[in-house]
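Trainee: Residue numbers (our numbering), protein chains in the order written: chain A, 1 to 321; chain B, 1 to 321.
In case anyone wonders, no lab produced these hints; they're calculated from the structure. Every clue listed holds true.
It does not matter which identical chain is used: a pair holds within one copy or between any two.
In silico EDC-like cross-links for lysine to aspartate or glutamate, where the CA-CA straight-line distance does not exceed 20 Å: (1) K89 - E70; (2) K28 - D106; (3) K84 - E70; (4) K111 - E13; (5) K28 - E13; (6) K294 - D6.
Number of protein chains: 2
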Amino acid sequence: MAVYTDVPEDDLERFIAGYDIGRQLSCKGIAEGVENSNFLLRTEGGTFILTLYEKRVKRENLPYFLGLMEHCAEHAITCPLPVKNREGKVLGELCGRPAAIFTFLDGISRKRPTVDHCARAGAALARFHNVAWEFEMCRDNDLSLSGWKRLADTARPRADEVREGLGQAIDTELDFLEQNWPSDLPKGTIHADLFPDNVLFVEGRDPGMIDFYFACTDLLAYDLAILLNAWCFEPDHAYNATKGRALLAAYHAVRPLRDDEIAAFPVLARGASIRFLLTRLVDWLSVPPGALVKPHDPLAYWRRLRFHQTVPSISALGWEP
Amino acid sequence: MAVYTDVPEDDLERFIAGYDIGRQLSCKGIAEGVENSNFLLRTEGGTFILTLYEKRVKRENLPYFLGLMEHCAEHAITCPLPVKNREGKVLGELCGRPAAIFTFLDGISRKRPTVDHCARAGAALARFHNVAWEFEMCRDNDLSLSGWKRLADTARPRADEVREGLGQAIDTELDFLEQNWPSDLPKGTIHADLFPDNVLFVEGRDPGMIDFYFACTDLLAYDLAILLNAWCFEPDHAYNATKGRALLAAYHAVRPLRDDEIAAFPVLARGASIRFLLTRLVDWLSVPPGALVKPHDPLAYWRRLRFHQTVPSISALGWEP
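Throw the hints in and build the complete structure from the sequences for me.
Mentor: Okay, structure coming up:
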């Protein structure tokens with residue numbers, strides 16, 4: 001939620017002149033994207049998003065992220081298309097930072113998604129998995145099992161400040177996941193962060209997807225578990241089985257889950273819980289005292305983990321395959 | 001530079017349905033406007049700005065501000081036009097706050113204006129004065145002499161923390177202004193805050209003006225002095241006589257200054273300096289220690305005041321009437 005970089009107007013003008021999108025009409029910093037600086041740019045050629053990549057996104061990963069968006073947009077996924085400059089490149093430099101221009105995506109994200117929104121999100125993720133299956137580049141998921149252990153090492157000394165016994169509980173869960181994590185499920189390109197913030201709804205159209213900066217190569221059904229956790233729990237952290245059923249069924253209708261994916265789903269959901277529990281915990285513990293910005297509450301994902309630990313099979317989530 | 005209010009999507013949908021602008025396509029919080037929450041809104045009917053008025057803008061003044069924008073937009077001033085809702089009203093309520101929708105204005109504000117930008121800003125202010133002259137509503141300037149004294153009373157006990165002797169220097173200046181402030185110059189509607197942030201340039205068109213929330217009824221030439229102070233000093237606070245000449249000449253060409261306005265200009269420029277010196281000083285002293293957001297430096301306007309104290313007549317500013 002920030003604009004980090006202040007772009008001098010002359011630099012911006014020069015940058016835009018490198019594209020075939022006409023002259024700039026306006027440019028407003030938008031309060032969106034925690035990783036980058038984003039601007040809503042209007043030119044004679046239309047409306048665009050200008051993104052400046054700040055430190056948190058590694059420069060060497062940008063060709064993967066932008067390549068994925070290009071691939072998806074060209075295969076009927078509604079997502080921002082990186083615009084090529086006059087040299088045919090999608091990545092440029094502005095204010096000493098990597099920068100890119102994207103087509104603007106209409107749509108409204110839903111903070112409180114309904115059952116229907118959950119179903120549409122499930123179907124959208126399945127379509128994305130089908131299309132991104134053909135994307136040829138790979139990127140290891142640095143937030144998978146070994147990454148979780150690194151995060152746990154960082155958080156452990158102070159984890160119990162957040163909740164008594166949390167450090168020990170995380171260790172126990174990581175041991176369980178290490179022994180039970182499936183290795184032979186379908187692996188492909190996953191979004192890995194498809195929270196309601198990142199899905200833009202327009203009535204009567206497929207929802208749009210944004211923010212591909214966690215995308216990587218990993219288990220497709222794990223991505224579905226991330227989606228379920230992000231969409232199907234109420235503000236009081238209670239699981240909403242009606243939403244879960246709608247989301248899983250809609251996904252399955254577009255990309256049918258295999259039996260082994262269905263069997264592994266409760267374990268995947270535990271992994272999807274601990275992944276966000278850990279990143280949120282590390283962020284939470286690294287905030288200086290008195291800071292104005294509160295990070296996401298890690299305990300929301302602790303509650304999800306505790307729930308999934310009690311789930312014996314996917315039918316307990318409200319959906320019968 | 002903030003979005004203060006988070007608008008639930010259902011409330012927003014209902015609010016927009018009250019207007020004849022089609023369905024909402026997207027809505028992004030923009031990092032602009034220190035007084036209000038602003039959103040860039042796209043609907044089937046076009047692009048708009050949605051403004052929610054936060055505490056700092058008094059509700060009872062809104063009909064004046066919106067009325068002025070309507071008057072100006074209807075008389076060929078490039079400024080946001082408040083859109084009427086289905087009940088014919090320009091002011092509604094959203095999230096418990098007064099809210100309005102405006103036509104979107106293209107254009108780029110110039111942090112480092114050139115001589116040409118200064119001239120165009122001068123001409124734009126003169127056109128605004130001519131058009132707003134016919135606007136029938138009035139609003140007293142609460143940041144004129146008596147307002148400055150109130151601010152000085154607030155700031156005095158700690159003014160010397162900012163600069164040794166500043167409290168005494170302010171008192172001396174206020175005495176001078178009280179004795180020398182002109183009373184019989186042309187008085188009309190002034191913008192009172194036409195900083196480079198608030199002027200949007202598009203090549204080949206009149207620049208647009210935004211942010212009318214300090215507008216009031218006061219001396220027109222005082223508004224010109226505010227403009228000169230905001231546009232014609234360099235980052236090191238040195239006066240740029242080339243910019244000053246261009247700005248004053250361009251204003252004069254559209255609304256010729258009277259002899260008494262020209263004679264009073266050095267005093268008006270001192271008043272325009274102390275007005276921003278005092279509001280910035282009060283803001284500066286009210287920031288809690290360790291806060292992340294630094295307010296504008298009051299000493300920038302102290303330097304302007306010291307400069308104008310040495311100016312015997314308008315010709316010392318580089319312009320011969």
